[in-house]
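Here the protein sequences line up with chains A and B, keeping their order.
Convert by adding 13 to the 1-based position in the first sequence; the result is the number in the numbering used here.
Convert by adding 42 to the 1-based position in the second sequence; the result is the number in the numbering used here.
A couple of the hints might just be wrong.
On the chain A side, residues computed to face chain B include the following (Cβ under 8 Å) [claimed, not checked]: (1) TYR35; (2) ASP140; (3) THR252; (4) THR276.
Taking lysine to any residue and the SDA-like style, the derived pairs with C-alpha atoms no more than 20 Å apart in a straight line are [claimed, not checked]: (5) A:LYS65 <-> A:THR75; (6) A:LYS263 <-> B:PRO80; (7) A:LYS263 <-> B:PHE212.
No wet-lab data here; the hints were simulated from the structure.
We treat Cβ as the ideally placed atom computed from N, Cα and C, and that holds for glycine.
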Amino acid sequence: MTMNKSLANSSWRRTLSSIPVYLAFIVFTILVLLPVYWMTRSAFAVSTDLIKLPLVYFPQPTLRNFATLLEQVPFGLYLRNSLLFAISTTLVTLLVSYLAAYAFARIRFPGSGVLLWILLLSMALPDIGTIVPLYQILKTLHLSDSIAGISLILTSTLTPFTVWVLVSFIKQVPYEIEEAAILDGASLPQILWHILLPVTVPGLVTMGLINFVNAWNNLLYPLSFTTSPSAKTLSVAITEIYAGYSPWGKPWELIMAVGVTMTIPIVILVLLSQRSIVRGLTGGAIK
Amino acid sequence: MDKAMNISKGTPAATSSRISLSRTTRRRYLLFILLVAPAFLLRLITAAYPILQTIYLSFTNLSILKGTNDFIGLENYLAMGNNIGVRSATGFTIVFILATTILDLVIGMMIALLLNSRFRGRTFARTINLIPWAIPTIVAGYAFRWLLDDQFGLLPFWVTQLTGLRPAIFINPLVSQIAVILVHAWKDAPFMAIILLAGMQGIPEDLYDAARVDGANGWQRFWSLTVPLIMPLTITMGLFRLVWSLGSFDLVYGLTFGGPGVATSVLALQIFREGILFFKFGFASAISVILLILVAVIGTVGLWLFRRSEVTY
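Assemble the whole structure, with the sequences as input and the hints as a guide.
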């Protein structure tokens, strides 16, 4: 009897003590999702529904804003440019970083620790701090106003962190596999491509995802270095639509429609590969 | 016969082994250099050289629109003192990086604690925690601008319903500054939480068991175990955050574009305005040098702090 009572008591206390956690969970969820709800609600609404008081929480859904975007701006072209920019930056960054990471993880070289440290230190450099010379460099290389140009610059920006994470991934692979291959007379390209690549895939996928998100979201480089529709990305498009006034003020339904277009692919990627991304963000420390 | 051949074959190999060793060493070095060359070339062209070029340009009046390009010594730096935009931006940049870093750490720690405790819906919470990180900053900037719109924004509408007041956020300098800082925390605290959560998960569970046996309650375990053990990580991340916030550009660009007036402008936005919008390369470079000096100072102080705080467990 007393036993039962104390059991009931403790389960009560457990329920009571978990109340703050659930309160925090609810507050957290609302805070995270509120702007997402607001953006989605506005992107799929007719503009007149957005300027009614009291506010309409769930306006009649419509795809009209996306149709308007396709008509009024080269929306398909911007979308293509964003994809091209993000994918090419991701792939080149992975290639450059994988080669360097292999060297740092496996080849003994005097001062390699210092070199890696210098590479990491260069991450502290803010993108905006050297924007003028970068503009001049792209001009000199005849790469201004091109996807190739902004890809080159962003690849360089993303490389140090990618190298660092990949080094830790490669170091986790037992050296015996490569040693056996080397004894069998495998060449370096064979080792990199056939032996090490398959076991480093998780690391490459992780950094591929993170770099894709970074490139897709990047605003500064396309905004600074592109001027024609053939090179502008969605991130530039949204700033231009914001700058364009409509008779009732800002065209919020269109701005939010671009916002949703930019957010959906990223959120899907994140939801599908949450663990992998977290592993990369924490420097490959978590398995 | 067989044996003899083996020996006679083996001896020259043994004598040449020293030469071939140095040859393989040389080959190894060459391989290393070849493999790291693309990464270092990229950084050389787009990071190392541009820093030097920025410093050089800061002593010139290079302007594409005016067509000037002369060496003018320290004139740009003197002009900055009289430039209201730069002066205001310097002040707000310092307030902004300190406030966002502290908020990031505090809110990030709170989120990490939530994500580290056991409750139904934890996986869901951990997943949506990545959304603020993943949303493009410029999109977050505009979404909040619209959420906080004084006429048709959700939050001002609620405030009006509750209090009858009509808040106009982006007209008031101080309120705009607070908005920039809070929205920045919304965007970045979840990332901080991911890192701090990883740190918490790295603390051995038996330390907590030992504390429990000693009769420490949850609060005591947090203050005397979790906090000191993840302090080095917290300081490192705080330092990274400070440095990265210095270059933060997208959010201010989207949320306020530095307004009202220049109240929420940061150095990064001033560089963009002067350099990319007005093509005043010399003047923009001088502001960049100030930014780079701030990065160097904070980085050095931060590293020194970090080395003092290292603990082992």
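Any hints this thing doesn't respect? Which numbers, in order? 6
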